[in-house]
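Peer 1: Next come the chains, spelled out residue by residue.
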Amino acid sequence: MEEQLKIDFEKLLENSNFSKNNVEIKRKSFNNFIEKGFPNRREESWKFSDLNQIISKNIKNLSFYNDLSKPNKIDQSIFIDGLEHNKLVFVNGRIEKIEFDYEEKNKIEILDDLFLEKPKNANNSLLFLNNAFVSKYFKLIVKKNYSLQKPLVIYNITNKDLVSKSINLKVDILLEENSSLKLIEFSDDKSTTNFININYNLDLQKNSFLKNYKIDNNSNSNIKYYFNNISQDNNSISEIFLLSSGSEFIKNEINCNLNGKYASAFVNGVFILNKTKHHEIKTNINHLVENTKSYQLIKGVLEDTSKAVYQGKIFVDSKAQKTDGYQLSKAILLNDNTEFNAKPELEIYADDVKCSHGSASGSLNEDSIFYLMSRGLNYKEAKKLLINGFLLDVVEKITDFEIKNLIKNIMSLKQ
Amino acid sequence: MLKIKNLKADIDSKSILNNFNLEIKSGEVHAIMGPNGSGKSTLSNILSGKKGYDVSGEILFENKNLFELETEERAHKGIFLAFQYPLEIPGVNTNIFLKTSLNAIRKARGEKELDAIEFLKLVKIKAKELKFDEEKLNRQLNVGFSGGEKKKNEILQMSILNPKLSILDETDSGLDIDALKIVADGVNSLRKKDNSFLIITHYQRLLDYIKPDYVHVLMNGKIIKSGGPELALELEKKGYENFN
Numbered sequence: 006m007e008e009q010l011k012i013d014f015e016k017l018l019e020n021s022n023f024s025k026n027n028v029e030i031k032r033k034s035f036n037n038f039i040e041k042g043f044p045n046r047r048e049e050s051w052k053f054s055d056l057n058q059i060i061s062k063n064i065k066n067l068s069f070y071n072d073l074s075k076p077n078k079i080d081q082s083i084f085i086d087g088l089e090h091n092k093l094v095f096v097n098g099r100i101e102k103i104e105f106d107y108e109e110k111n112k113i114e115i116l117d118d119l120f121l122e123k124p125k126n127a128n129n130s131l132l133f134l135n136n137a138f139v140s141k142y143f144k145l146i147v148k149k150n151y152s153l154q155k156p157l158v159i160y161n162i163t164n165k166d167l168v169s170k171s172i173n174l175k176v177d178i179l180l181e182e183n184s185s186l187k188l189i190e191f192s193d194d195k196s197t198t199n200f201i202n203i204n205y206n207l208d209l210q211k212n213s214f215l216k217n218y219k220i221d222n223n224s225n226s227n228i229k230y231y232f233n234n235i236s237q238d239n240n241s242i243s244e245i246f247l248l249s250s251g252s253e254f255i256k257n258e259i260n261c262n263l264n265g266k267y268a269s270a271f272v273n274g275v276f277i278l279n280k281t282k283h284h285e286i287k288t289n290i291n292h293l294v295e296n297t298k299s300y301q302l303i304k305g306v307l308e309d310t311s312k313a314v315y316q317g318k319i320f321v322d323s324k325a326q327k328t329d330g331y332q333l334s335k336a337i338l339l340n341d342n343t344e345f346n347a348k349p350e351l352e353i354y355a356d357d358v359k360c361s362h363g364s365a366s367g368s369l370n371e372d373s374i375f376y377l378m379s380r381g382l383n384y385k386e387a388k389k390l391l392i393n394g395f396l397l398d399v400v401e402k403i404t405d406f407e408i409k410n411l412i413k414n415i416m417s418l419k420q
Numbered sequence: 013m014l015k016i017k018n019l020k021a022d023i024d025s026k027s028i029l030n031n032f033n034l035e036i037k038s039g040e041v042h043a044i045m046g047p048n049g050s051g052k053s054t055l056s057n058i059l060s061g062k063k064g065y066d067v068s069g070e071i072l073f074e075n076k077n078l079f080e081l082e083t084e085e086r087a088h089k090g091i092f093l094a095f096q097y098p099l100e101i102p103g104v105n106t107n108i109f110l111k112t113s114l115n116a117i118r119k120a121r122g123e124k125e126l127d128a129i130e131f132l133k134l135v136k137i138k139a140k141e142l143k144f145d146e147e148k149l150n151r152q153l154n155v156g157f158s159g160g161e162k163k164k165n166e167i168l169q170m171s172i173l174n175p176k177l178s179i180l181d182e183t184d185s186g187l188d189i190d191a192l193k194i195v196a197d198g199v200n201s202l203r204k205k206d207n208s209f210l211i212i213t214h215y216q217r218l219l220d221y222i223k224p225d226y227v228h229v230l231m232n233g234k235i236i237k238s239g240g241p242e243l244a245l246e247l248e249k250k251g252y253e254n255f256n
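If you're matching them up, the sequences are chains A and B in order.
Numbers given in our numbering equal positions in the first sequence, counted from 1, plus 5.
Numbers given in our numbering equal positions in the second sequence, counted from 1, plus 12.
It is possible that part of the hints are untrue.
Stated by the list, open to error - So, partial list: chain A residues that the calculated Cβ filter (under 8 Å) puts toward chain B: (1) L179; (2) F375; (3) G381; (4) L382; (5) L390; (6) L391; (7) G394; (8) F395; (9) L397; (10) D398.
Derived from the structure by calculation, the hints contain no laboratory data.
Computed from a predicted structure; not experimentally measured.
All residues carry an ideal CB built from backbone N, CA and C; glycine is no exception.
One chain only, chain A, in its complex shape (with noise of 0.2 Å):
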């Protein structure tokens, strides 16, 4: 893999206008890379996910290098449908469409050439390779005292021309004071085992709100890396809430680190998973300093051989007192061949807080199957009316309601 990696990063060189500044830091990010290669169990974040091994089982011939220089066609029919929204769309790793229909222009600013920056985090492989391949960084400002109309729907779709080939993007948001978003991304993959790494950052400044849903469903034999980096100031929220559910695999990696007083992150997601898939999601909340507050919840239905991973961490600072942490993970085993990892992992370093974790999975209760049953239900009615009320847990934690609809639409909550 190493020749090909470097006849890619060379073609991409070539064929690409990058700053000076950009192709020193592209060619020092790709030989860190080179060094490290995709991370492997023997690193304790990667201890469930062996992603060096699930690449080679699962992509033949992976090459880096994707041509970017033709425009490819939009499938409209893509588009989420009864729900006003601005877009930007990346059609196989290439930006397609910037739209901002419902906004005041000047609210909103879009840079395209940033310069990249070593990633701060020296362990993560996948960032560096993502900032040697990555072609075009964006950034998107949400200027101060602005809320945006309607939401920011982020399309990241693949088409079956894509086999086999490693798409990196990276995206920074910044929200300035008092400015909120509520930003979707939205996964749909016709294509064939890629693998896709894309890395968002995340400022929010004081007093700034940000929903972000990430929405994963469509059944596709894709590998996929998010790494999500989110800077929270005073006062501000954030709400995330994922869906992880259609790619073969899925790691979701939140870093929040609780900059501000009064800053507070809300993270909730639901695996639900069938066949061979396997997803984790791994949160590092760090509390740094006094009365922020975090709150997890995560819930897996796993049916036939998938696997869920759940790494969640909190970290308090010695200087965070007064510091809210909550997190609870659940799952429901459809089957034996399932499996759910949770490693739930508090760092407390201050003596004033209030911390809790949990974390519990099993079958199906049958009792309340019979219960169902004898109520005239047959067993999969019963068995449906169960895992959706188990999951609707986690759905109605969504603040937004117009979103809300959307998300239980799509994961067929509706009752």
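Put chain B on the given structure of chain A with help from the hints.
Peer 2: Below, chain B without anything else, positioned relative to chain A:
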């Protein structure tokens, strides 16, 4: 309506019911009384089709072999079990559950399914009759309900589904006098010439409010004595241990 002949039921090779016989005709109310562990709940579970028992003998419901029917098919045919411990079903709205249940049964019977408006109209009337707080119907099924509310919810379901044979498994336990009276009124209002009841209880108390036609005493898995309502009084006086 219901004929049980020589019913034998084991669980994990332990005999629970043995040589159990009972016949209930249309319009009759039968009470089964018995001490803890006498097999009362096993009987109601088996009638509703709960798995996990080794059974032999025969149960005919309207001349159909019950053992050939799944739990939900028994519900479709008109068997209803009011649970001793109604289950909490998180995330499932009570109204939606009731509507799903009613329509599943109506559909199986070839009747028209009720739309949301027709259903809410029906449920409103029934809830009022049972003095059931309507607001609770918008909550998750039985979640956070008191013991009494759960039992009332069972009777509400019974009254909406309008079954032919209702089995009340210790519905009186955990009820205060007022709730007991409401539950009894609910049952009495459903008493018709083609509806039958099997009331399973420890105490004679419920039978003050619901007058049974027959009382049976169940001990060690079989009926040891049958009689009229006066049998319950006799039992109450003597206690189970000295009875026989």
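Peer 1: Take the hints in turn and mark each one as holding or not.
Peer 2: Comparing the hints with the structure gives:
Nearest Cβ of chain B to the Cβ of L179 of chain A: about 37 Å, over the 8 Å cut. The hint is violated. Taking 8 Å as the C-beta cut-off, the interface hint given for F375 of chain A holds, the closest approach to chain B being about 5 Å. A hinted interface residue such as G381 of chain A counts as satisfied when its beta carbon comes closer than 8 Å to some beta carbon of chain B; here the least separation is about 4 Å, so the hint holds. At its closest, the beta carbon of L382 of chain A sits 5 Å from a beta carbon of chain B; the interface hint therefore holds under the 8 Å criterion.
Interface hint status for L390 of chain A: upheld, as the beta-carbon distance to the closest one in chain B is roughly 6 Å, under 8 Å. A least Cβ separation of about 7 Å between L391 of chain A and chain B falls short of the 8 Å threshold, and the interface hint therefore holds. At about 3 Å, the closest approach between the beta carbon of G394 of chain A and any beta carbon in chain B falls short of 8 Å, and the interface hint on this residue holds. Taking 8 Å as the C-beta cut-off, the interface hint given for F395 of chain A holds, the closest approach to chain B being about 6 Å.
With a cut of 8 Å, the hint placing L397 of chain A at the interface with chain B holds, because the nearest CB-to-CB distance is about 4 Å. For D398 of chain A, the suggested interface contact is upheld, since its CB lies about 5 Å from the closest CB of chain B, less than 8 Å.
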